[in-house]
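Residue numbers (our numbering), protein chains in the order written: chain A, 1 to 259; chain B, 1 to 429.
Treat the hints as calculated values from the structure; they're not laboratory data.
Certain hints may be false.
[What the hints assert, rightly or not] Stretches of chain B that chain A covers, calculated by requiring three or more beta carbons in the stretch to come under 8 Å of a beta carbon on chain A:
id: 1; segment: 20-28
id: 2; segment: 235-242
id: 3; segment: 255-264
[To be verified] Residues from chain A that face chain B, not an exhaustive set, calculated with beta carbons under 7 Å:
id: 4; residue: Pro-74
id: 5; residue: Ala-79
id: 6; residue: Arg-84
id: 7; residue: Phe-92
id: 8; residue: Leu-118
From the three backbone atoms N, C-alpha and C, an ideal C-beta is built for every residue, glycine too.
Chain by chain, the residues:
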Amino acid sequence: MMEPLLDIRGLSISFGGLKAVADFDLQLGPRDLQGLIGPNGAGKTTVFNLLTGIYRPQAGSVRLAGRVLTGLRPHQVAAAGIARTFQASRLFGNLSVLDNVRIGCHLRTRHGLPGTILRTPQQVGEERAILARSVHLLSTFGLQDRRDELACNLPYGDRRRLEMARALATDPQVLLLDEPAAGMNPPEKLALRELIRGLRERFDVTILLIEHDMGVVMDICERITVLDYGVTIAVGTPAEVQRDPRVIEAYLGGDTVTK
Amino acid sequence: MTSANARWVAPRPAAAGTTWLYSLLPLLAAIALAAALHFGLQPAIGPFRTNVLMNIGINVILAVSLNIVNGFTGQFSIGHAGFMAVGGYTAAAITYYTSFRVWGDALMHGGVLSGVPANGWLTAGDALFVGSCLAGGLLAAVAGYLVGLPSLRLRGDYLAIVTLGFGEIVRVLLQQSDSDIPYLAADVQRMSVWQMARHLGGALGFSGVPFYTTPFWVWLFAAVTLLVAFRVKRSSYGRAFLSIREDETAAEAMGVALTRFKVRAFVLAAFFAGIAGGLFAHEIGTALNPRELGFMKSFDIVIMVVLGGMGSISGAALAAAILTILPEVLRSPPHVWPLGLVAIVFVLMVRRKAGRRAALTLAAVTVALEAVRAAALWQGVNLADYRMVLYALSLVVMMIVRPKGLFGVREIWDYRPLGRRRAATVAVG
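Could you build all of it, start to finish, from the sequences and the hints given here?
In structure tokens:
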């Protein structure tokens, strides 16, 4: 088998006596779409925080295309090619929708402060490319008409999409989505499924998705990892996971699988 | 222009010719503005108002540069006068001692632009003055780097305390310097550079610095400061600063190296504060002593930034102008109702319905101020004696009327008097 794009092995962290994540393993290939589910407090977001350098793992390693990311600062992880959205919206509220996306683009530019002050040809060229790319991203997410609005004035669903657009602006190889459907209404959720599926081809990214909405997860994910109390209790296709008795007991809390 | 490809590809640079033209054109505009104020306005307003004009320019530089730290990146620095002092004393010492070494005295050797038309257009003295201001700016920037590197990992109040401490350290160090400033060429000739750096006038202040500062130089540097601030704010680089103010965690996740960017904002701000210090040191009518550049001065600058609206460059500049003029105007308090009337009409135009409350407040304030004025006249009280009270009172009123500052995070032209308000920033053209 080929070496996986994202290779996570034995990732662990505990806070005080609480093992938040224990021995988390995950291998993702290019353009995979993997779900990460589990009840509240299962450690899903902690996994994201470990992957993106917000927390430092006490054990285990993260490799992206062979490069070890463990111990890097969040901005270095972003530069290496992992981008994320946040569970609670963390948009730049007092900036315009367009600027939110343009900030994501800054990472890949090469000019510095002198270029900015002098407005050198390189800076102007990159600024134009940022604008073009941002406009393209906004239209991908259906936000082109809101580009000059302040991010804090957006309705909930738009915020979620803007978070994704902003994360993709950093040109990632792996995109971590933390509950993108939260707060969306049913038609928006349906549209979201198609959108996320399409992102893989359009932006050539691998997606790891945390989501509580089972309709969305079971529909779009190829494989799903189930966490409970920081421990991986099941891995498999949506159908396998839904049949897994441990998942049914721990996560879905009883006898039926909700659809 | 770019295809809808997935991966970011380093774009081709823009066409060199026109880009460099647009890059440098504003600099010509800055020179033109400075020349207009110098040759056009200065002769018309007399020496006292010329000094106010220069003070406005210096305060614009200070407020706009502090705004890069406090407004753009959302950090809270209250030690800006410390950087001003570093720059001011560096520039003063360089000019003073170099003048002795080169010409044997510390008199004016500048040309037209420094206010001595007899000496010709640009002289070695001008070069020395500009060079010493830039050197002051650079040393202040170095100080900014040294202070910023360890302390910008701190947030909010903690950073404020560190910057306050820095300002006080600078003040005390300057106070401890030797108060004997040599005024004979022979004495200066014997001094080593190290000794020069120790003879800065102590608590008495650095006297005898030639008065090179003119409206031209002040407004040239002020215009450049404004230009740099605008270019930074409306750029990819500047948006990284703004993202730190908005949400540090999210900014970091977008690839913004927090500490590095904060330090850079700090260094940039310190550089311009140092230049402002250099201009201040060479200005006629100012006293370059440690007390003048203590934390009271730092607070004055912070007030300008807060009043203008955190992050608003035009707001900071306008607030700097208002707060420089206000104490002078209050020396003989004029009627306020014409200004009040203009303000009310303006507010009603800008905000229409929502402006009604603001307009009422303004009307009440205007009436109250006129009442105070009338009462003072009636009782034979000289209001000018209480001008600093009135100054402070007007600050209180302004903060109540507009808690987000004059323009919030917007710029003055983001307000359309008759139309819908726009978002804070627009696309780069």
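Now the hints, each set against the structure:
Residue count for the segment 20-28 of chain B with a Cβ under 8 Å from a Cβ of chain A: 3. That meets the three needed, and the coverage hint holds. A stretch counts as covered by a chain when three or more of its residues have a beta carbon under 8 Å from one of that chain; for the segment 235-242 of chain B and chain A the count is 7, and the coverage holds. As drawn, the segment 255-264 of chain B meets chain A at 5 residues by the rule of a beta-carbon pair under 8 Å; at three or more, the given contact holds. For Pro-74 of chain A, the interface hint holds, the least distance from its beta-carbon to any beta-carbon of chain B being 4 Å, beneath 7 Å.
The beta carbon of Ala-79 of chain A comes within 5 Å of a beta carbon in chain B, closer than 7 Å, and the hint placing it at the interface holds. Among the interface hints, the one on Arg-84 of chain A holds; its C-beta lies about 6 Å from the nearest C-beta in chain B, closer than the 7 Å criterion. Annotation: interface hint on Phe-92 of chain A holds; nearest CB of chain B at approximately 4 Å, less than 7 Å. Hint status for Leu-118 of chain A: holds, given a least beta-carbon distance of 5 Å to chain B, under 7 Å.
Checked against the numbered hints listed earlier, the structure breaks none of them; every hint is satisfied.
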